[in-house]
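A.B. asks: One-letter residues, chain by chain:
Number of protein chains: 6
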Amino acid sequence: MSHFQRVLLTGASGAVGTALRQSGTRLGKIVRLSDRKPCENLGPHEEDATLDLADFDAVSEAVKGCDAIVHLGGQPLEAEWKTILDSNISGGYHIYEAARRHGVRRIVYASSVHAIGYYERTETIDGSVPTRPDSLYGVSKTFVENLGRYYFDKFGIETVSIRIGSCFPEPTDRRHLITWLSYRDCRQLVEKSLSAERVGFMVAYGMSHNSRAFWDNRTAASLGYKPEDSADDYADKVFAKTQQGDPNDPAVRFQGGSFCAAGHFEDDKK
Amino acid sequence: MSHFQRVLLTGASGAVGTALRQSGTRLGKIVRLSDRKPCENLGPHEEDATLDLADFDAVSEAVKGCDAIVHLGGQPLEAEWKTILDSNISGGYHIYEAARRHGVRRIVYASSVHAIGYYERTETIDGSVPTRPDSLYGVSKTFVENLGRYYFDKFGIETVSIRIGSCFPEPTDRRHLITWLSYRDCRQLVEKSLSAERVGFMVAYGMSHNSRAFWDNRTAASLGYKPEDSADDYADKVFAKTQQGDPNDPAVRFQGGSFCAAGHFEDDKK
Amino acid sequence: MSHFQRVLLTGASGAVGTALRQSGTRLGKIVRLSDRKPCENLGPHEEDATLDLADFDAVSEAVKGCDAIVHLGGQPLEAEWKTILDSNISGGYHIYEAARRHGVRRIVYASSVHAIGYYERTETIDGSVPTRPDSLYGVSKTFVENLGRYYFDKFGIETVSIRIGSCFPEPTDRRHLITWLSYRDCRQLVEKSLSAERVGFMVAYGMSHNSRAFWDNRTAASLGYKPEDSADDYADKVFAKTQQGDPNDPAVRFQGGSFCAAGHFEDDKK
Amino acid sequence: MSHFQRVLLTGASGAVGTALRQSGTRLGKIVRLSDRKPCENLGPHEEDATLDLADFDAVSEAVKGCDAIVHLGGQPLEAEWKTILDSNISGGYHIYEAARRHGVRRIVYASSVHAIGYYERTETIDGSVPTRPDSLYGVSKTFVENLGRYYFDKFGIETVSIRIGSCFPEPTDRRHLITWLSYRDCRQLVEKSLSAERVGFMVAYGMSHNSRAFWDNRTAASLGYKPEDSADDYADKVFAKTQQGDPNDPAVRFQGGSFCAAGHFEDDKK
Amino acid sequence: MSHFQRVLLTGASGAVGTALRQSGTRLGKIVRLSDRKPCENLGPHEEDATLDLADFDAVSEAVKGCDAIVHLGGQPLEAEWKTILDSNISGGYHIYEAARRHGVRRIVYASSVHAIGYYERTETIDGSVPTRPDSLYGVSKTFVENLGRYYFDKFGIETVSIRIGSCFPEPTDRRHLITWLSYRDCRQLVEKSLSAERVGFMVAYGMSHNSRAFWDNRTAASLGYKPEDSADDYADKVFAKTQQGDPNDPAVRFQGGSFCAAGHFEDDKK
Amino acid sequence: MSHFQRVLLTGASGAVGTALRQSGTRLGKIVRLSDRKPCENLGPHEEDATLDLADFDAVSEAVKGCDAIVHLGGQPLEAEWKTILDSNISGGYHIYEAARRHGVRRIVYASSVHAIGYYERTETIDGSVPTRPDSLYGVSKTFVENLGRYYFDKFGIETVSIRIGSCFPEPTDRRHLITWLSYRDCRQLVEKSLSAERVGFMVAYGMSHNSRAFWDNRTAASLGYKPEDSADDYADKVFAKTQQGDPNDPAVRFQGGSFCAAGHFEDDKK
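Those protein sequence lines, which keep their order, are chains A, B, C, D, E and F.
Number 257 in full-length UniProt numbering belongs to position 257 of the first sequence; there are no gaps in the numbering.
Number 197 in full-length UniProt numbering belongs to position 197 of the second sequence; there are no gaps in the numbering.
Number 191 in full-length UniProt numbering belongs to position 191 of the third sequence; there are no gaps in the numbering.
Number 151 in full-length UniProt numbering belongs to position 151 of the fourth sequence; there are no gaps in the numbering.
Number 41 in full-length UniProt numbering belongs to position 41 of the fifth sequence; there are no gaps in the numbering.
Number 259 in full-length UniProt numbering belongs to position 259 of the sixth sequence; there are no gaps in the numbering.
Think of the hints as simulated: they come from the structure by calculation, not from any bench.
Please note that a few of the clues may not be correct.
Copies of one chain are not kept apart here, so a pair can be met inside one copy or by any two copies together.
With a Cα cut of at most 25 Å, we get these calculated PhoX-like pairs of lysine-lysine [said to hold, decoys possible]:
id	residue 1	residue 2
1	37	64
2	82	269
3	29	237
4	29	226
5	64	269
6	64	29
7	241	226
8	241	29
9	64	82
Turn these sequences into a full structure, and let the hints guide you.
C.D. replies: Given below as structure tokens:
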């Protein structure tokens with residue numbers, strides 16, 4: 001059971017949020033669920049806090065009484081600027097500023113591979129390299145990471161920023177063989193991020209035990225994270241179902257995959 | 001004379017903007033000046049483009065026809081979130097997105113020491129270290145740097161992000177002996193940022209030839225930047241007028257100075 | 001099955017070449033075997049291409065129609081200069097230049113520990129350290145690695161350069177406990193080098209899962225390489241059969257072993 | 001069986017010394033035991049050499065005839081300066097100087113986490129970082145490490161300096177989940193330090209296979225060290241019995257634990 | 001004039017101490033001079049404090065009332081162990097512990113090239129590399145550096161440890177062309193070490209503006225140190241008077257010069 | 001006057017060779033000049049040794065009696081493979097092997113920017129980065145550097161490999177503003193390479209004091225090299241005469257300039 005009294009879980013209705021609800025009291029004695037729509041099937045340790053991240057007062061009300069936050073909420077893919085701005089940038093600020101005002105001690109943030117998507121697949125990087133976002137979405141992730149760095153350096157609020165690769169039921173393309181994070185490993189990583197005695201401001205990579213990894217994930221290891229799943233187990237299936245890509249296609253060359261091959265959202269959506 | 005046909009200079013009415021106007025056609029054959037209020041005393045190579053950075057259409061109109069931008073505009077100090085968000089974050093996005101739409105080839109951005117303010121003064125850093133902002137203002141600077149990184153990696157628009165230390169007529173406190181950038185050197189650094197053949201995405205530090213520097217400024221050197229002024233020449237005067245600080249005061253300990261000692265703007269302003 | 005249509009395997013009659021032939025169509029749909037003498041017992045997916053690497057026209061003819069090359073051929077030990085020059089240096093150039101002319105997309109090259117033999121055993125190195133060859137043979141390996149780097153940077157031909165430690169049936173001396181590569185793991189590493197979507201120009205180390213390793217082999221791991229064998233399993237046997245060396249003997253001190261203790265071939269052969 | 005003829009084991013009566021005696025002839029054909037009091041229950045391969053490390057002549061007499069030393073002796077915790085000086089500093093010099101005079105070839109030294117105790121728990125360090133001792137005890141450990149470096153560089157006497165984390169029967173607090181070294185793994189690490197062909201001057205970390213480790217222990221791995229125990233197996237028990245600490249308490253923040261929270265021994269003992 | 005009220009200068013009668021006395025009140029408003037024998041010709045801002053560094057009570061008495069210390073005292077060359085132990089090791093501890101008890105805020109310590117003497121001359125090192133002492137004297141210098149690190153991390157007492165190369169009237173051998181520190185530059189470096197607002201624990205190299213330097217001295221530069229002298233001006237004279245050495249002689253190969261070529265003091269003195 | 005008795009200068013009739021002849025006895029007491037054609041106007045300290053580098057016996061005869069070599073000879077630009085192979089690869093081996101047989105102690109080798117031509121202009125590199133040649137010519141330069149590394153590690157023959165940027169009478173294009181090496185500075189750098197007491201195997205960059213440099217040239221500085229000329233003095237003239245390049249043109253993007261934009265020599269010459 002977590003030593004936190006009440007943990008706010010944002011984005012609780014999404015696929016990852018739903019997976020994390022299975023952690024139950026390993027997140028906190030009480031888990032407050034927030035999303036745009038009310039969450040269903042609340043357990044005895046759960047409570048609901050429907051809200052729009054763009055609304056500071058609503059966020060502040062939801063944060064009140066919590067001592068930790070798992071922040072999954074916001075726009076999960078590339079989108080037009082206004083959406084990124086409201087959901088991810090303002091939303092991220094609202095979470096951190098409410099945390100400061102209400103004495104929250106630790107935040108676990110769902111960052112993304114798209115914060116560093118423009119590194120080549122042949123490069124092994126760790127959490128200290130300069131960010132290289134591959135989309136406005138990725139830029140918004142780097143923004144919240146910088147917020148986390150700031151709120152720790154000035155106010156002592158700890159953050160684990162987990163750059164999630166591909167959190168899906170199973171790997172379906174060749175890049176997922178590198179970046180896949182199973183729901184089970186995702187739960188473990190979030191739980192370990194909450195139970196570690198000290199995390200300061202830490203960047204970890206969210207991936208299972210995939211041998212093809214291009215990430216040096218020693219920070220996650222230092223939290224005690226030991227992934228139980230591996231994309232390797234799906235390799236034969238994925239190789240059989242998918243074509244070999246052109247190594248010079250940006251979607252193959254860079255860690256961010258198809259995000260790096262796309263143009264600007266405004267143009268692409270036409 | 002610059003090889004750029006028309007350069008947009010934002011924040012043209014501020015102290016630094018005014019200093020840069022003296023560069024004349026070394027910035028561009030035509031220099032378009034923008035600020036919230038009309039600029040005065042236009043020279044024959046200058047044209048006016050009054051605008052609010054928070055207004056995308058106005059920014060886009062001003063960028064049209066330019067092939068380079070020197071972006072000084074926006075909120076120059078810590079402020080409440082709404083101001084930072086509109087002027088620096090949305091404003092920064094508007095500049096880059098307008099640049100993309102209108103074929104601008106290079107942007108010189110006035111970033112700040114406050115993007116890395118939480119490094120200790122005893123650490124020598126270069127432009128590749130992880131950012132450690134000391135304020136919401138500093139966070140907004142890291143946001144625009146990430147935008148610049150993204151627009152170069154995906155769209156090929158080059159950026160020199162100059163992390164300006166202290167750009168004032170002369171150093172007035174002991175920290176300025178480290179961080180001072182004279183107006184003359186500022187002009188040279190911006191001019192060299194525009195005339196270099198290739199800059200990619202580059203982070204340089206904006207300081208004069210100060211021997212107490214805590215920055216490894218090899219990127220600026222590679223642009224051909226050779227500062228002509230030095231804060232050293234003001235050392236005796238500054239030492240005489242100021243008190244030795246407590247080395248454990250955050251304002252003395254960290255590179256960001258008083259920004260690191262301040263609390264959150266919302267609380268401090270009360 | 002490999003996604004390559006036809007792969008040229010040079011040095012196919014040697015011990016490593018023979019071991020690799022067992023990979024069958026995991027190398028390529030068709031595997032063309034080359035050596036100085038005709039290869040025997042051709043399988044249905046195999047074809048023969050007898051040649052001398054020093055003969056550019058013969059190499060070019062053999063490369064024609066292939067889209068990948070596994071280049072094991074050439075002189076495998078220290079030798080007089082003329083042999084190194086013709087077999088390894090000219091031979092290496094012939095392979096790369098023929099590859100360029102005939103549209104080959106990827107080359108897997110059998111480089112060697114002797115390219116970095118003068119690092120001390122107590123140093124852990126990765127593939128990015130400066131080369132330190134321990135013989136003319138080792139110098140020739142660095143030459144081909146530089147060719148591979150060049151042909152990728154200019155012509156986009158990908159290379160995995162595998163610095164093979166000691167590829168033998170089993171470890172027989174104490175240094176082999178560090179450097180041994182089983183035939184089975186060798187096959188896997190070459191197969192993974194061919195099946196990875198993008199390799200760019202990559203240096204990997206060819207060793208099994210030996211706990212005494214002095215190599216940081218993260219590049220091989222990023223290909224998905226998971227060695228199945230370990231020299232550790234032979235440690236007791238090797239310790240029992242061999243003497244402890246003098247730690248200051250160059251053969252013990254350096255990674256290249258006895259190559260570092262030898263003089264110049266011309267003198268030693270007398 | 002070790003290839004060393006006679007190994008001196010100092011501190012042989014302590015908990016770690018007693019554990020190491022179980023290694024028997026894997027340390028040396030003969031193991032000479034030294035401590036302030038005579039050791040008991042000598043085996044057929046053991047001999048006794050009672051001595052005070054502060055007495056050079058006694059140390060020299062005990063070292064005579066040995067070709068290796070495992071140096072555990074001295075003050076094992078913070079103490080007043082006089083004790084540290086006599087037991088650890090003079091004692092350390094006596095060991096090395098006697099080794100030089102009597103032709104000892106290798107020393108395995110029991111250094112400590114307290115030599116680098118002031119690194120934060122969120123930092124992963126290896127053996128090459130600058131030392132940051134957390135106590136006079138820790139300073140004395142860095143002193144002997146520097147002695148070892150000197151005696152290797154000038155006289156060729158090899159040293160493995162093992163920075164032991166927490167060598168106890170089992171982990172009992174949350175920091176031990178990171179730093180624990182089982183007696184079994186301790187034995188293995190010392191044995192491997194003696195049997196490796198070349199160690200030069202090497203710093204290794206003494207910990208079991210703990211996933212929460214903040215140490216990059218590649219040097220120990222290069223000796224062939226494969227820990228068989230893990231603090232992870234005790235994690236549930238430790239979590240249940242202990243409270244979550246305050247992440248900003250020095251005892252939680254830094255690697256040295258409570259040593260970092262203590263004041264100066266002279267003051268604290270009052 | 002220094003902002004320190006009273007500075008203790010140990011080793012005040014030696015050549016370097018005498019040179020530093022010329023700094024006058026740039027060291028402190030009052031400068032207390034200590035050495036084994038009384039200092040002569042006291043100026044109005046000077047006071048005498050004769051003492052033996054091996055005597056803690058005497059050191060404590062001399063430190064009382066001071067807010068900074070410039071610690072030059074102790075054995076300045078290789079010597080027998082007893083001398084090194086009493087003068088440099090115990091002496092160093094006495095200085096730091098007295099400083100802690102009496103509230104001293106900063107210590108400038110005269111460390112030495114011999115703390116890192118075993119780096120090769122062809123290596124450029126900075127203050128963060130592992131120490132590699134070349135003598136017992138050098139080991140004692142690393143001991144005091146570790147003390148300084150400890151007293152800063154735990155008690156906040158700042159230290160600048162200046163690794164002095166060769167502080168003589170002028171360079172007289174070829175190695176001095178690299179390591180020379182003029183008395184004038186030595187004064188400046190100590191003064192700047194005292195006047196900088198924050199130094200934390202810092203390692204700087206004590207050398208003039210010698211172009212042949214093998215030290216990256218950015219820390220000294222960050223104090224504002226701008227050497228005015230250069231060994232280059234003596235190069236022709238030194239080249240004319242001295243022979244070219246054998247590059248493989250340890251005295252030529254290593255940074256510590258003849259210290260690296262010497263044996264152990266006990267043997268050499270015979 | 002050099003301490004070497006007789007120095008062989010290969011490529012003595014070329015532009016750089018002719019410039020170096022002005023160094024006179026600062027190279028060696030006797031300077032033996034070699035090129036394909038006899039050198040003219042021999043001074044009293046000069047002697048002629050006409051030879052073809054591809055002829056080992058001729059090289060060996062010329063090396064006999066020399067204790068140092070300045071090796072400029074060979075093909076100075078991209079060429080067909082046969083020329084590169086004979087002049088630069090075989091020629092390089094002949095020089096080193098003859099040096100070994102005849103007891104030569106030091107070689108100064110004219111390497112080239114084209115050994116690392118594929119680094120981007122915005123990257124600052126030093127001599128330890130992996131080579132990235134931009135031509136067969138560049139590959140041949142890396143070959144000789146590896147030879148030099150080998151002959152030092154095994155036989156103790158010292159080498160300074162000078163990667164010359166652009167050694168011409170004056171800079172004539174914008175890239176030369178970065179890479180220019182004046183004849184005067186070239187002379188100084190070669191002289192300092194010969195007079196330094198120990199160089200081991202060292203890579204230095206051959207450039208004047210150009211502020212736009214993308215090379216960290218600390219190794220050259222450690223030889224005492226202080227360039228007296230600067231391409232900066234030609235910047236206005238060059239800017240006036242040349243067009244701004246496209247930053248994405250390989251000739252502008254990469255350090256090797258036009259070599260990076262060219263195709264393969266065999267194709268381009270048609």
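A.B. asks: Now, for every hint given, state plainly whether the structure supports it.
C.D. replies: Structure-based check of all given hints:
no.	hint	result
1	37 with 64	within (19 Å within a copy, 42 Å between copies)
2	82 with 269	within (14 Å within a copy, 29 Å between copies)
3	29 with 237	between (40 Å within a copy, 19 Å between copies)
4	29 with 226	within (24 Å within a copy, 39 Å between copies)
5	64 with 269	between (39 Å within a copy, 23 Å between copies)
6	64 with 29	within (15 Å within a copy, 55 Å between copies)
7	241 with 226	between (29 Å within a copy, 22 Å between copies)
8	241 with 29	between (44 Å within a copy, 18 Å between copies)
9	64 with 82	between (27 Å within a copy, 22 Å between copies)
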